[in-house]
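These protein sequence lines are chains A and B, in that order.
Take any residue in the first sequence, count from 1 to its spot, add 2: that is its number in my numbering.
Take any residue in the second sequence, count from 1 to its spot, add 359: that is its number in my numbering.
This list has only true hints and no planted wrong ones.
Stretch by stretch, here's where chain B covers chain A in the computed footprint (C-beta under 8 Å, at least three residues): (1) 20 to 33; (2) 50 to 60; (3) 65 to 72.
Simulated from the structure, these hints should not be mistaken for laboratory data.
No residue lacks a Cβ here, since even glycine has one placed at the ideal position from N, Cα and C.
Each chain, written out:
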Amino acid sequence: MRNGLTPEQDATAAELALGVLEGEERAEAQRLCLADPAFAAAVEDWRLQLGVLHETVADEPPPSGVWSAIDARLEMANSAETVSKLRFWRRSAWASSAVAAALAAALLFPGTPDVRTVVLPPAQSAIAQLNGEAGAILAASYTPQAGQLQIRPVDLPDSKLSPELWLIPADGVPRSLGLIGTTGTTKIDVPLALRAYLTDGAVLAVSLERAETAPHKAPTSTPIAVGKISTI
Amino acid sequence: MLDPDPFAANRARLVVALSRTAGGDRSALREVYDLTAGKLFGICLRICRDREAAEDVLQDVYLKIWNRAGRFDAGRASPITWLSAIARNASIDWVRANATSGTAGAPELTDWQSAATSEELGAFETLEAAQTRKRLERCLDQLGPQQGGAIRAAFLEGFTHRELAARLSVPLGTMKSLVRRGLLHLRECLGDA
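Whenever a hint applies, use it, and build me the whole structure from the sequences.
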């Protein structure tokens with residue numbers, strides 16, 4: 003049924019889609035999603051397949067105040083887009099615990115944005131803040147005119163390995179943007195082929211990798227920080 | 360003769376409204392809301408189990424739809440499945456962030472089997488989608504009320520292995536293998552058809 007997956011792997015994909023996994027099991031399944039496009043595709047297949055069950059949930063009319071509140075928030079967004087975006091993302095940064103959770107959320111489906119996005123002053127045209135569970139923080143900005151991405155670690159865990167930056171567009175497949183420095187600003191000339199992916203909703207992630215063999219085809223470890231790109 | 364696709368117009372209206380929403384048209388979002396708020400609120404309420412929270416989550420859901428409408432791909436998912444997934448994920452986020460310890464006061468698993476309106480066509484459902492759903496429901500029914508019910512509850516109410524185990528009063532390991540074997544059965548069952 004699914005390309006290249008054993009029934010056991012496919013069942014794990016189904017468990018992730020079903021949402022029954024927690025903790026280490028969940029993180030492991032999410033790591034697989036990043037590393038294995040076939041697995042990620044199976045998870046999405048299961049989500050769509052199980053999604054038809056929503057038809058069995060009875061409708062419940064919401065109170066009329068809900069639309070007015072939505073309308074007011076849209077109005078706010080209209081008049082002060084930056085401020086409201088910040089508020090919106092903060093509000094939805096509820097479950098911002100596991101990095102892996104954030105990634106899966108961003109990648110798998112119209113998932114949950116528990117990836118934090120912070121909008122900075124409008125000097126750059128695309129920005130992202132990358133956060134991780136262990137406290138890693140990185141700030142990134144991208145200037146499309148120059149095709150240049152700048153990234154600066156604010157806080158990184160100590161490691162013998164080197165931070166490697168990944169761009170993960172909607173297809174969920176990580177593309178390496180190469181190693182980045184552990185301090186100061188690293189400037190990256192984004193390859194032409196990848197520039198189109200640097201748009202709203204794409205994800206930047208940093209994982210710790212062996213420097214000698216970089217850039218890699220795929221991350222070998224769970225990302226230490228992830229963040230969603232916002233254009234401003 | 361039966362109309363082969365009685366809700367085609369509904370669905371088309373929703374797809375158009377979504378694409379206008381993607382273009383930044385607020386009246387289009389209102390239309391999406393009018394068409395779907397009942398369904399999505401039902402989903403939020405079922406998972407959050409708290410009316411006030413579900414109302415807050417529903418607000419966020421439509422703001423998400425506003426921001427993401429451009430990413431909806433009618434070729435890949437039905438609009439209502441796509442929207443329902445947003446509502447489900449947002450609700451699960453809320454539950455995880457506001458989880459009270461333990462399962463005190465938690466209601467029993469809903470009996471989805473008898474609650475299911477399985478013979479009726481959903482308001483946006485194609486006959487084909489309904490057949491897919493009925494096939495899935497038949498496969499779930501084959502598993503029996505405990506195993507099939509657990510899988511339904513996990514999806515529709517957002518329960519994890521641990522929560523399912525607590526509610527069904529079985530050990531965690533038993534619950535895990537119950538769900539896993541159930542999913543393997545589904546895989547076979549859906550693959551066969």
